[in-house]
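Undergrad: Heads up, the sequence shown is in the working numbering, so the first residue is 1 and it goes up one at a time.
Honestly, the hints are just simulated from the structure, not real lab data.
Do not take every clue at face value.
Pairwise CB distance ranges, derived in the manner of DEER restraints [unchecked claim]:
1) E251 to R73: 21 to 31 Å
2) D308 to R73: 44 to 54 Å
3) G205 to G101: 17 to 27 Å
4) D344 to D308: 46 to 56 Å
Here a beta-carbon is modelled for each residue, glycine too, at the ideal position from N, C-alpha and C.
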Amino acid sequence: MTTASPARWPRAFRHVYTANLVDSVGFQVGQLAVPVLAVSVLAATPGQVGLLAVLSTAAFLLIGLPAGVWVDRTPRRTVLVTAGLACAALHASVPLAWWAGGLTLGQLYAVVLLVGVATVFGDVASQSVLPELIGRERLVAANSLLMTTNATVQIGGRGLGGLFVQALGAPLALALNAVTHLLAALVLTRVRRAAVGTGTRPAGGFGRELSEGVRHVLGRGVLRPLAVSLAGINLTVNLMTTMLPVVFLRELGLGAGALGLFLAVGGVGALLGATTARPLAARIGAGRTLWLPGLLVAPAGALVAMIDRGPWLWSAGLGWLALAWRTGIGNVIGVSLRQRVTPDRLLGRMNATFRFLLTGAIAVGAGLAGLLGQYAGPRASLWAGAIGAALTWLPLYRARKRVTGEDDR
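Using the sequences provided together with the hints, build the complete structure.
TA: Below you can see the structure in the form of structure tokens.
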């Protein structure tokens, strides 16, 4: 079975794949539209842009861990559909308020925070349902297909999204995001309930269930270094991405279209990473595939930090491409590894713990970016991210023989 043929996968997986595809289109447009809306329409300061990014991921810190327990207790299809409908309604409120002349930064803060809450449950349920749909022996192939598709959408979604935002305005871009969330939820209603579990309540109290998931991740040599490295990647990369809209729109005087095209280069890198992950792991081993790309692209962040007009813009794009390539590889191999070593009853809590750590790191990175951007300038945030990103491969290198449970020859 090839990763390039979704039609050959089981029907339930095809529905999940289609919903993921539709949702990804809106996500890429919305991810660009929100900061552009804050900067260009609501005149947000660098600190306020940083706070907006923090709030968009704060839910993973606030409810990320208990969400895993709730997902393990609830039919996962129900969680996926409810999360999609909630995101659709919340995103739709932004263009409606703008049209009525009442849009405020406070409302935008509330929307991104509540969308984050819905995203917590949707992401945890989506990653937890995959082994039930296709079996553990196909996880690398399925994750490669999903990551490749997401990266492809990222290329077109951010590039076209930037042009769409520039031509019609950021509020209308968020209206498109609301429509895609609604369509994705409708597709997921076609998944048979039995195909995604009925929801069970494990023995033991809530606190005991929660701590069991945390111990599974942090107490195992195979998962702990993976979590540390990926959290470091998320923190350092977000130090850069949070301030890029400020640098593009205010310092360099470039438009939303240029910003969208630059971010789309990251989609190209993620696509290359997702498509090369399997053959690279087959050639040099999964353990080495997790850390060696990080070493190879260590200088790439500095190219992003030196971004400017002319040739420096092209070199920054090359650095962004390299960083995204490393991330694409890590997503395929890392997600497959953690799904493979986790029993079904712990999948929700394991994924919630990872999302808590990884997306929590994004929130921390966004907060640091806002502080650095406000008091030391946006460039300081770019350089801090570049230096940190150059070191994120070290935890996996030090644990290279434990990452896959076998010698990495």
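Undergrad: Take the hints in turn and mark each one as holding or not.
TA: The hints, checked one at a time:
Look at E251 against R73: about 48 Å separates their beta carbons, and that is not inside 21 to 31 Å. Our hint of 44 to 54 Å for D308 and R73 holds, since their Cβ atoms are close to 52 Å apart. With their beta carbons about 50 Å apart, G205 and G101 fall outside the hinted range of 17 to 27 Å. D344 and D308 have their C-beta atoms about 51 Å apart, which keeps the hinted 46 to 56 Å range intact.
Hint compliance for this structure: hints 1, 3 are not met, and every other hint is.
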